[in-house]
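Engineer: Using the sequences provided together with the hints, build the complete structure.
Residue numbering for the sequence shown follows UniProt numbering, starting at 1 and increasing by one per position.
Just so you know, these hints were derived from the structure itself, not from any lab. There are no misleading hints in this set.
No more than 25 Å apart at the CA atoms, straight line, and that leaves these computed lysine to any residue pairs for SDA-like:
#1 Lys544 to Ala516
#2 Lys625 to Phe551
#3 Lys220 to Arg270
#4 Lys625 to Met611
#5 Lys514 to Met611
Across the chosen pairs, the derived CB separations fall in these ranges:
#6 Ser255 to Gly417: 46 to 52 Å
#7 Asn710 to Ser675: 49 to 55 Å
#8 Arg253 to Thr145: 35 to 41 Å
#9 Val557 to Gly633: 19 to 25 Å
#10 Ile693 to Gln548: 40 to 46 Å
#11 Ala699 to Leu658: 45 to 51 Å
#12 Gly447 to Gly417: 22 to 28 Å
#13 Ala115 to Arg416: 54 to 60 Å
Bear in mind that the values here come from a model prediction, so they are computed numbers and not experimental data. Think of the CB as a built atom: it goes at the ideal place given N, C-alpha and C, for glycine as much as any other residue.
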Amino acid sequence: MMTSRPSFRCSRWPRDEWARIVAPLLTGEAQRAYFMVGPERSGSYEELKKETLGRVGLSPISAVQLFHDWSYNPRRPARAQVTDLSRLAQHWLLAGGPTAHQVAERVVVDRLLRALPRPLRQVAGMRNPANVDELVEAIELAEATQHREAGERAPPFPRRVVQERRVPEGTQRPVGRPAVPGPQDEPMPTEAPHSPGRAWLAGCTVHVEPPKQAPRVEVKINGRPVLALLDSGSGVTLIRPTVLPPRPEPKARLSITCVHGDTREVPARRVTITAPPGAWPVEVGIVKDLPVPVLLGRDWPGFDRLFASASQPVSPAGNSSQHRTTTKPRRCPMLLASDSPREGESTRHNPNLFYDLFQQVAGAGAFAREQHKDDRLKHCWAQVRVAKWNDLQPAPHPTPHFVVKDGLLYCVAQRRGEEKTLLVVPRTKTGAVMELAHAHPMAGHLGAQNTIQRIRDRFHWPGLEAEVKHFCMACPTCQRTSPRTPPPSPLIPLPIIEVPFEWIGMDLVGPLPKSARGHEHILVILDCATHYPEAIPLRKATAKAIAQELFLLSSRVGLPSQILTDQGTPFMSRVMADLCKLLKIKQLRTTVYHLQTDGLVERFNQTLKQMLRRVAAEDKRDWDKMLPYVLFGIREVPQASTGFTPFELLFGRQPRGLLDFAREAWEQQPAVHRSTIEHVREMRERIDRVMPIVREHMAKAQQAQQRHYNRAAQPRPHCCL
Numbered sequence: 001m002m003t004s005r006p007s008f009r010c011s012r013w014p015r016d017e018w019a020r021i022v023a024p025l026l027t028g029e030a031q032r033a034y035f036m037v038g039p040e041r042s043g044s045y046e047e048l049k050k051e052t053l054g055r056v057g058l059s060p061i062s063a064v065q066l067f068h069d070w071s072y073n074p075r076r077p078a079r080a081q082v083t084d085l086s087r088l089a090q091h092w093l094l095a096g097g098p099t100a101h102q103v104a105e106r107v108v109v110d111r112l113l114r115a116l117p118r119p120l121r122q123v124a125g126m127r128n129p130a131n132v133d134e135l136v137e138a139i140e141l142a143e144a145t146q147h148r149e150a151g152e153r154a155p156p157f158p159r160r161v162v163q164e165r166r167v168p169e170g171t172q173r174p175v176g177r178p179a180v181p182g183p184q185d186e187p188m189p190t191e192a193p194h195s196p197g198r199a200w201l202a203g204c205t206v207h208v209e210p211p212k213q214a215p216r217v218e219v220k221i222n223g224r225p226v227l228a229l230l231d232s233g234s235g236v237t238l239i240r241p242t243v244l245p246p247r248p249e250p251k252a253r254l255s256i257t258c259v260h261g262d263t264r265e266v267p268a269r270r271v272t273i274t275a276p277p278g279a280w281p282v283e284v285g286i287v288k289d290l291p292v293p294v295l296l297g298r299d300w301p302g303f304d305r306l307f308a309s310a311s312q313p314v315s316p317a318g319n320s321s322q323h324r325t326t327t328k329p330r331r332c333p334m335l336l337a338s339d340s341p342r343e344g345e346s347t348r349h350n351p352n353l354f355y356d357l358f359q360q361v362a363g364a365g366a367f368a369r370e371q372h373k374d375d376r377l378k379h380c381w382a383q384v385r386v387a388k389w390n391d392l393q394p395a396p397h398p399t400p401h402f403v404v405k406d407g408l409l410y411c412v413a414q415r416r417g418e419e420k421t422l423l424v425v426p427r428t429k430t431g432a433v434m435e436l437a438h439a440h441p442m443a444g445h446l447g448a449q450n451t452i453q454r455i456r457d458r459f460h461w462p463g464l465e466a467e468v469k470h471f472c473m474a475c476p477t478c479q480r481t482s483p484r485t486p487p488p489s490p491l492i493p494l495p496i497i498e499v500p501f502e503w504i505g506m507d508l509v510g511p512l513p514k515s516a517r518g519h520e521h522i523l524v525i526l527d528c529a530t531h532y533p534e535a536i537p538l539r540k541a542t543a544k545a546i547a548q549e550l551f552l553l554s555s556r557v558g559l560p561s562q563i564l565t566d567q568g569t570p571f572m573s574r575v576m577a578d579l580c581k582l583l584k585i586k587q588l589r590t591t592v593y594h595l596q597t598d599g600l601v602e603r604f605n606q607t608l609k610q611m612l613r614r615v616a617a618e619d620k621r622d623w624d625k626m627l628p629y630v631l632f633g634i635r636e637v638p639q640a641s642t643g644f645t646p647f648e649l650l651f652g653r654q655p656r657g658l659l660d661f662a663r664e665a666w667e668q669q670p671a672v673h674r675s676t677i678e679h680v681r682e683m684r685e686r687i688d689r690v691m692p693i694v695r696e697h698m699a700k701a702q703q704a705q706q707r708h709y710n711r712a713a714q715p716r717p718h719c720c721l
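Structural biologist: As structure tokens, then:
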């Protein structure tokens, strides 16, 4: 239809004939639009065009949305895209032949609609205002309706207290922040409005009873122990007035803003809160209807560390809960960050990086008092050479030396060839300095030397280097993430075993590629005395199969007295324990993640797998067939630790292997032939070696026979006449 209009005009066809001429050429949605227009309006080209463009989504209203959603595509030609954009703008702004004033009004109406809040935009957009006046009337009507409905539904504050819906025990809720939005049913027109649970802070509805699994810790408010609830979503700390000693209402006020945006002011007082991370003064708000004695917010400097350590909830009585929660620890929201995450960023909140810094440096005059009270700085005060710009000792002053400026103690020292004035830090502030110089995210957990250099350029205190090194070495984050492994402890050798198969090591190798016979594991048994190996293929690595193979081995070499294994499931099973108890075998287990205890077997496993990988490279399903050949090759090689082959140490002779066979074939040795003289000489030498032993055995036999015979005999004296 867009392409036919120029042809109609060039041909000078009557406008009444345009619809009849173009009708046979229409297809799809355009053809359906022609039939839906009806015979009364089918002769009008403008009616047909309007219906067709509306069906394919090219009405002036849709053209506005397409115009604003347009984006440049670098893969398409620029001229074609600009033409499409221009056509959309013309279809939107020039539809109906408006005047210049009407075009400007269309732009203003569209811009104003897009700037309205969502409820007003929905109501005003449904009226389809044609000019600015109609849009303003629609907005005023929508605002009046909203104010009237809000006045009708607003409940008295705070009269009713409705018990909140109970949640099954074990479900953890966030404390101090709104729940994650989810699908909700639209309220029915006849449904009664829901009353709030209880308004604590300027209309902010919170729990009537705090969630049972909210993290709670015991803190001290001006030295008085109180149970506090940790609220990661609160930027201020609130307490009940009963926690503090009775005093007139303070003049200081603290502004509190709830999650709904309501703000009110409450009395404020400065207190010192003490907890395991430390003690810091903080300004707190006093709220009468607070559901807990203390609501500890993130304005307290040690909140992040205290919140991270409070992984186990505490009951109101102060006792630890016996059921640990399985939910992951939540991170505190970052108040200085943007509310809406950027595209591609995680929506998880991060801790505020500046609360500790702001609170630790607060307090006018406190630092000078700490310098005077610190006993460690007494010798520094005694060596002051300049005070209030007056030389207490004659110049020139050595480097380093101490000076006093504005009541604060400084140390003047050389740093990289430049004279710098360093602030002397008392003992109570050194922890904060090291925390900011090393553990803070902006410090980056650099090494001890970098941390020392960073501090030495600005601060000084006695024993700085040793204290910073100890702080960096004790940093738990550095210990967990350090790539360097600590030096191992000295090796303690195992006892040397002299009796074969008295002490054996046992381990499992696998799962391996399943062989043609269904074997997937290898049971490795190694004699600690002779290093004689046994490798038995198994279909399943079960305790029953291991016990059966161990008993079969014992039938050939005897029962071992001790077995060394790791803490694998088959070796720790009841079957193995019962077998060892029955056969009086002592079970020895290696330390977890310490393979050096059974290093002999572990090293043999590597050798065995490497040899199998090489000999079974062609067909990996026959690795179990190659085990006997591989074991023979290991058994006939001298071991580095013993100097002998395992076969020789176990059987007392050297096995005849492939090399012996090749040597015999190459030497072509005939059968052993000895002459008669050599045979007689050898027999005589053998008899000479054996005769002493035979003589000894015969003497013992005679004595035994004599004792046996003389048991019933009686001596008879003989008299000579």
